[in-house]
Amino acid sequence: MDLLFRTAQSRSRVSPAFGLLRRHYWPVVEEKKPVNPEHTYIPVVESAEDFKYVQKLLPPIVAPPVPVQSLMNYPTPSGWIPAAPANSNAPYFVGRSRIHGLPVYMEVEKPSYTKKFTKIKKVQGDIWQFEKDLIDWLRPHSFDALVATQVSEVNREVRIKGDYMEHVKQFLLERGF
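Counting in the numbering used here, the sequence shown runs from -9 upward without gaps.
If you're looking for bench data, these hints aren't it; they were derived computationally from the structure. Accuracy of the hints is not assured; some may be wrong.
Straight-line alpha carbon distances no greater than 27 Å define the calculated DSS-like cross-link-like pairs of lysine-lysine that follow [as the list claims (entries may be wrong)]: (1) Lys151 <-> Lys112; (2) Lys111 <-> Lys159; (3) Lys105 <-> Lys122; (4) Lys112 <-> Lys46; (5) Lys122 <-> Lys112.
Sequences and hints are given; from them, build the entire structure.
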């Protein structure tokens, strides 16, 4: 106990030179000089003719539409298949991503990298019917015939526990999405 008291006392003592080291002497700031407006503003010229050269450098906001001539040669070498014409009798719709791909993604939880989730985004319409149809379609492909899902109506997405990415893509392509 006595030892602890002494160490606490010795820490509280500070040499007088220590206080001098912590002081900062800042230089005196002179009065601010008025700014000359000619030096602060740069003249700007707007030219519609010159903007056509700038537009060539800007990236496109959305991928261009699929060319009609190439619609005969599918699937492409990369395996991409375009969406079928709109099917109006389905109670739900799954849109494509901005680069015309299926919105099916794989999530892996970080600490162990063993938990995998398949996520389907851009589900519109009756999301609960979509989940039911998807579970019925995935049941034969699952290990134990149990498919755990999570539906987010606000985010318009469905999460499936496990790696069902290829099966979900096949399901969406069969339905024409």
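Of all the hints given earlier, name the ones this structure violates by number, lowest first.
-> Of the numbered hints given earlier, the structure breaks just one, which is hint 4.
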